[in-house]
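Participant: For reference, the chains in residue letters:
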Amino acid sequence: MPRVSINQTAPDFSLPDFSGQAFSLADLRGQKNVLLVFNRTFQ
Amino acid sequence: MAQLRQDYDKFVSRNVAVVVVGPEDARGFAVYWQKESLPFIGLPDPQASVLKLYGQEVNLFKLGRMPAQVLIDKAGVARFVHYGHSMSDIPSNQEILALADEINK
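Chain order of the listed sequences is D and W. In terms of this note's numbering, the first sequence opens at residue 1 and continues consecutively. In terms of this note's numbering, the second sequence opens at residue 44 and continues consecutively.
Some clues are possibly wrong.
[Stated by the list, open to error] As a list, the in silico DSSO-like pairs of lysine-lysine whose alpha-carbon atoms are at most 27 Å apart:
# : chain 1 : residue 1 : chain 2 : residue 2
1 : W       : K53       : W       : K78
2 : W       : K148      : W       : K53
3 : D       : K32       : W       : K117
4 : W       : K148      : D       : K32
5 : D       : K32       : W       : K95
6 : W       : K78       : W       : K117
7 : W       : K117      : W       : K95
8 : W       : K117      : W       : K53
9 : W       : K53       : D       : K32
[To be verified] Covered, in the sense of this in silico footprint (three residues per stretch, anywhere, with C-beta under 8 Å from a C-beta of chain W), are these stretches of chain D:
#  : segment
10 : 11-25
11 : 29-42
Because the hints were derived from the structure by calculation, they are not lab data. Only a predicted model underlies this, so the values are computations on that prediction, with no experimental measurement involved. Each residue gets a CB set at the ideal place from its N, CA and C atoms; glycine is no exception.
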């Protein structure tokens, strides 16, 4: 499985958020830093 | 998640958007977000598309997905990558906030 390395461009992706609104990582470029959290489960 | 919620204002003040990707569906996210009053962006990823793209570890013999965090700067470059090896293997907020300070310099 590929992994992201430090100082490499993070792969872009688009997904709808849970309210159905489109989210694209590229939209935040030049605007905000992003902390991407991969959560296992809410339990 | 509670750990991140606690310092959310500090992330905001450092211009960090917190984006949570998880295996639950939209309804699962909505229920949890409301219950916990979470301010983060929540992205349901039941197909594990982003998971695969970023290579989050899946351990079928333990408890499924392992936690992972990636801090991406404004230019789109990964500046911090942490792949957890257990459920509790999560970096401290302080560590991530200190890095955000560095990135913002």
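Participant: Could you run down the list of hints and mark each one as holding or not?
Facilitator: Here's how the hints hold up against the structure:
{"no.": "1", "hint": "W:K53 to W:K78", "in the structure": "22 Å, holds"}
{"no.": "2", "hint": "W:K148 to W:K53", "in the structure": "16 Å, holds"}
{"no.": "3", "hint": "D:K32 to W:K117", "in the structure": "5 Å, holds"}
{"no.": "4", "hint": "W:K148 to D:K32", "in the structure": "14 Å, holds"}
{"no.": "5", "hint": "D:K32 to W:K95", "in the structure": "24 Å, holds"}
{"no.": "6", "hint": "W:K78 to W:K117", "in the structure": "31 Å, violated"}
{"no.": "7", "hint": "W:K117 to W:K95", "in the structure": "23 Å, holds"}
{"no.": "8", "hint": "W:K117 to W:K53", "in the structure": "17 Å, holds"}
{"no.": "9", "hint": "W:K53 to D:K32", "in the structure": "14 Å, holds"}
{"no.": "10", "hint": "11-25", "in the structure": "holds (count 11)"}
{"no.": "11", "hint": "29-42", "in the structure": "holds (count 14)"}
Of the numbered hints stated above, the single one contradicted by the structure is hint 6.
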